[in-house]
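Note that the protein sequences, when read in sequence, are chains A and B.
Letter by letter, the first sequence follows residues 1 to 190 in the numbering used here.
Letter by letter, the second sequence follows residues 1 to 297 in the numbering used here.
Note that these hints are calculated values from the structure, not bench results.
Worth double-checking, as some hints may not be accurate.
Okay, the calculated beta carbon distance ranges per label pair [to be verified]:
hint, chain 1, residue 1, chain 2, residue 2, range
1, A, 4, B, 94, 35 to 43 Å
2, A, 188, B, 240, 29 to 37 Å
3, B, 181, A, 72, 28 to 36 Å
4, A, 125, B, 283, 39 to 47 Å
In silico negatives: residues of chain A with every beta carbon more than 12 Å from chain B [as the list claims (entries may be wrong)]:
hint, residue
5, 58
6, 75
7, 77
8, 88
9, 117
10, 135
11, 154
12, 161
13, 162
Note that beta-carbon positions come from the ideal geometry of N, C-alpha and C, so glycine has one too.
Each chain, written out:
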Amino acid sequence: MSERAQLLLPIADDELVLGWRNSEWTGIAPFLEEDVAFSSIVQNEIGHARALYQLVADELGTTADALAFDRSPDEYQCSRFVELRLVPDWARTIARHWLYEEADEKRLEALKASDDPEVAGLAAKIDREEAYHRMHAQMWNERLAEEPRYLEALEELRPLVDGRGDHTREFAALWEEMTMVRRSVAGATW
Amino acid sequence: MTEQEFLEYVQSGGQVETDDWMPDDYRAKLVKFIEMHGNSELMGVLPEREWILRAPTLQRKLALTAKVQDEVGHAQLIYRVVEDLGKPREQCLEDLISGKSKFHNVFHYPTETWGDVGVIAWLVDAAAIISQKALLKCSYAPYARIMKKICWEESFHILHGRDVILTMMNGADEQRELVQEALNRWWAPLMQFHGNPISPADDPMFQWRIKSQGNEEARQQFLDGYVPQIWELGLIVPDPKLGKNDEGVWEYTEPDWAELKHVVTGHGPQTAERLELRKTTRAETEWVRRTVLAEAA
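From just these sequences and the hints, can you work out the full model?
What follows is the structure, given as structure tokens:
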């Protein structure tokens, strides 16, 4: 696998899995307004994953969907941090949202400076949308700034941000669920 | 204006704004009707939300997430209309959870397979848009106005649903079976969707011109628009009596009106479970609303 694929796959996997996790709030967020906001964030995250997979897929002669769905669980390179199932804990959800956006901003800065024009261009495009996610995370970080359960969640999750390698047990269950329809009829178009 | 004059006014096409005088009975009927619509949008999220995780391609995941997002957005808009009529959103949500207020029959049923996801987006949304288009002429103007945006968005859901179904019908035998089985499950609730064939003259919602069409008229429109498409895809409608008579009127097996009543009064196969999910997640996020409201105060 090329250096580019090795660089982009973990990021795509992070966006995909976090998008999946955040979509678990759909329909049950604390406010209708937040339900709508989280749905937008999910759509952006899945869109970013798709664009990143596409760059890799072109190189590997496969498709974005195949990369997103048809690998075995141990081939995914997302961090354990995005795998955690946090619903219905809003404090930990916002803590992860805030910590992820913080780390993602630095990662995107580095990608934007890449010598590879396709990678730099895509990173710039993604960053324009992430700017809104950061504003959203910032707003909630301020709202919950004095809430003890939020501060505890930040402490708990901060060390996990870039924990890669083994997967959590929750990831196996997520993978089962997100691929179940696709696996149900071999080789089918959906 | 007397109540009689008001009635004549709305029956001749007149529209009412929030601050206009209106009879108490009209206001009560409006709140009940519009609140049920808001509840239905919100409860309509639940049959689909579990399938967001299982969507089989990135494109389907995006489309389904966007569809559900639209529905939550509709609930938000609709509850605002109810709020202006005097009932706050929080009260609507409480009454929904406690079972005091109702929501549409179709959202009381389980979503068994990805075939159901397609049938819901295509046919349930098609049935819904027929009712909603008739609300564009609602005598209560603020409700009629938001219906423009809602109908526009719903029409995309139908396209998404039709695409899900078409893809499966052009796929493997197992996929076609999923669609046929889903249609078999959803046909009865779909036929009940527009309500019993009460004459418009006896329907208070029509008399106040909250609705602008009768129940049977809506059902005929649904059958006319969609049965030919269902047949064209090679699907079988599970009603041997279904057909158009010489006068161009659809005939069908009498829907089970007792089932409809039983379901919408809170006894559908998924009613308890879905309301329980709303109740527990609402309790679990109560502290968030308290924190935010305390800051706003």
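Index of numbered hints that the structure contradicts, given in increasing order: Result: hints 1 and 8 break, sorted rising.
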